[in-house]
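So the sequence lines, in the order shown, correspond to chains A and B. To convert, take the position in the first sequence, counting from 1, and add 3; that gives the working numbering. To convert, take the position in the second sequence, counting from 1, and add 243; that gives the working numbering.
Be aware that a few hints might be false.
Simulated coverage check for chain B against chain A, where a stretch passes if three residues somewhere in it have a Cβ under 8 angstroms from a Cβ of chain A [said to hold, decoys possible]:
#, stretch
1, 250-263
2, 316-323
3, 360-366
Which chain B residues stay away from chain A? Per the calculated CB distances, all over 10 angstroms, these [claimed, not checked]:
#, residue
4, R269
5, G295
6, W299
7, G302
8, K303
9, E328
10, M332
11, E335
12, F355
Calculated directly from the structure, the hints in this document are not laboratory data. By construction, the Cβ of each residue, glycine as well, lies at the ideal position given by its N, Cα and C atoms.
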Amino acid sequence: MGQETFEGGCLCGAIRYRVQAPATWSNLCFCRDCRRATGTPAVAFARFHRDRFALLAGSPARFRSSASVTRAFCDTCGTSLFVEGAHLGADIVVAVATLDAPENFPVAMNVRTGQRIPWMHPLPGLAEWSGDGDKPRP
Amino acid sequence: MATSHAHEGGCLCGALRYRFEGPPPRANLCHCHSCRLATGAPVVAFVDLAPGQFAWTKGKATYFASSPGVRRGFCNTCGTALTYEAQDMPNEVHVLSATLDDPSLFPPTEEFFAQECIPWVHVRLQAQEGQP
Numbered sequence: 004m005g006q007e008t009f010e011g012g013c014l015c016g017a018i019r020y021r022v023q024a025p026a027t028w029s030n031l032c033f034c035r036d037c038r039r040a041t042g043t044p045a046v047a048f049a050r051f052h053r054d055r056f057a058l059l060a061g062s063p064a065r066f067r068s069s070a071s072v073t074r075a076f077c078d079t080c081g082t083s084l085f086v087e088g089a090h091l092g093a094d095i096v097v098a099v100a101t102l103d104a105p106e107n108f109p110v111a112m113n114v115r116t117g118q119r120i121p122w123m124h125p126l127p128g129l130a131e132w133s134g135d136g137d138k139p140r141p
Numbered sequence: 244m245a246t247s248h249a250h251e252g253g254c255l256c257g258a259l260r261y262r263f264e265g266p267p268p269r270a271n272l273c274h275c276h277s278c279r280l281a282t283g284a285p286v287v288a289f290v291d292l293a294p295g296q297f298a299w300t301k302g303k304a305t306y307f308a309s310s311p312g313v314r315r316g317f318c319n320t321c322g323t324a325l326t327y328e329a330q331d332m333p334n335e336v337h338v339l340s341a342t343l344d345d346p347s348l349f350p351p352t353e354e355f356f357a358q359e360c361i362p363w364v365h366v367r368l369q370a371q372e373g374q375p
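Let the sequences and hints guide you as you build the complete structure.
Okay, here's the thing in structure tokens:
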């Protein structure tokens, strides 16, 4: 993937954004907080440097789900959009399913599979990090 | 049997809580574009509850009409998506099963809108593995 730009947004369209590929990393997260924040069994993410991200429309609501993690969502339609946090520096992590063309961002890893719902299996053929020990470099 | 009593769940921040009695008639996965966008996730799991099975026990959901006759309930404090209701399925509440306090209880056995699935999402269902 080159330097192409891609747009995304929430269900109601109030919030729109643009990212420039490539992402720094991407993964499918099975952790409890990500599951509960979205109401789903796993969430796909792609991380972008801040200068590769632009908010085009709207103003997301934010919820601090832990000391270091803030989650941004649309308070009109409920779509979960972004994760920000001290451990990410100025970068932003985008919920891949909110991109207009999520097929362009296949995730590279399954992460925090130690917390997965037993019936929600990791995607086959990808590296996996259970959440214990050092994280492998994506 | 674990499915014979009440089940509870709620949003990430705890402002919204719900409960339902007895086992859900169906549990499924949905790949449709609207469900994906409503949550921000590549696939969504539901339990479909019969009339009278479901009740909110805390808080007041915010609703968004995602298409005519459809409303989706979410928490406007933390963003968690919780419910889907459609007029063509009256009195039926579809609960996003990952919001259950024990989301392991009801493995999906059907998939809907597989034709809208993101190509890199390869989900295996318990039923396909010959498990109960």
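Results of checking the hints against the structure:
Counting residues of the stretch 250-263 of chain B whose beta carbon lies closer than 8 angstroms to any beta carbon of chain A gives 3, which reaches the threshold of three, so the coverage claim holds. Evaluation of the coverage hint for the stretch 316-323 of chain B: fulfilled, as 7 residues show C-beta separations to chain A shorter than 8 angstroms, against a requirement of three. A stretch counts as covered by a chain when three or more of its residues have a beta carbon under 8 angstroms from one of that chain; for the stretch 360-366 of chain B and chain A the count is 6, and the coverage holds. The Cβ of R269(B) lies farther than 10 angstroms from every Cβ of chain A, with a closest approach of about 14 angstroms, so its non-interface assignment holds.
In this structure G295(B) is separated from chain A by more than 10 angstroms, as the shortest Cβ-Cβ distance comes to about 22 angstroms. For W299(B), the condition that its CB be more than 10 angstroms from all CB atoms of chain A holds, with the nearest at approximately 15 angstroms. The beta carbon of G302(B) is kept farther than 10 angstroms from every beta carbon of chain A, the shortest such distance being approximately 14 angstroms. For K303(B), the condition that its CB be more than 10 angstroms from all CB atoms of chain A holds, with the nearest at approximately 14 angstroms.
No beta-carbon of chain A comes within 10 angstroms of the beta-carbon of E328(B); the shortest separation is about 14 angstroms. Distance to chain A confirms M332(B) as a non-interface residue, since its nearest Cβ pair spans about 19 angstroms, more than 10 angstroms. No Cβ of chain A comes within 10 angstroms of the Cβ of E335(B); the nearest lies about 18 angstroms off, and the non-interface call holds. Look at F355(B): its CB is around 14 angstroms from the nearest CB on chain A, clear of 10 angstroms, so calling it non-interface holds up.
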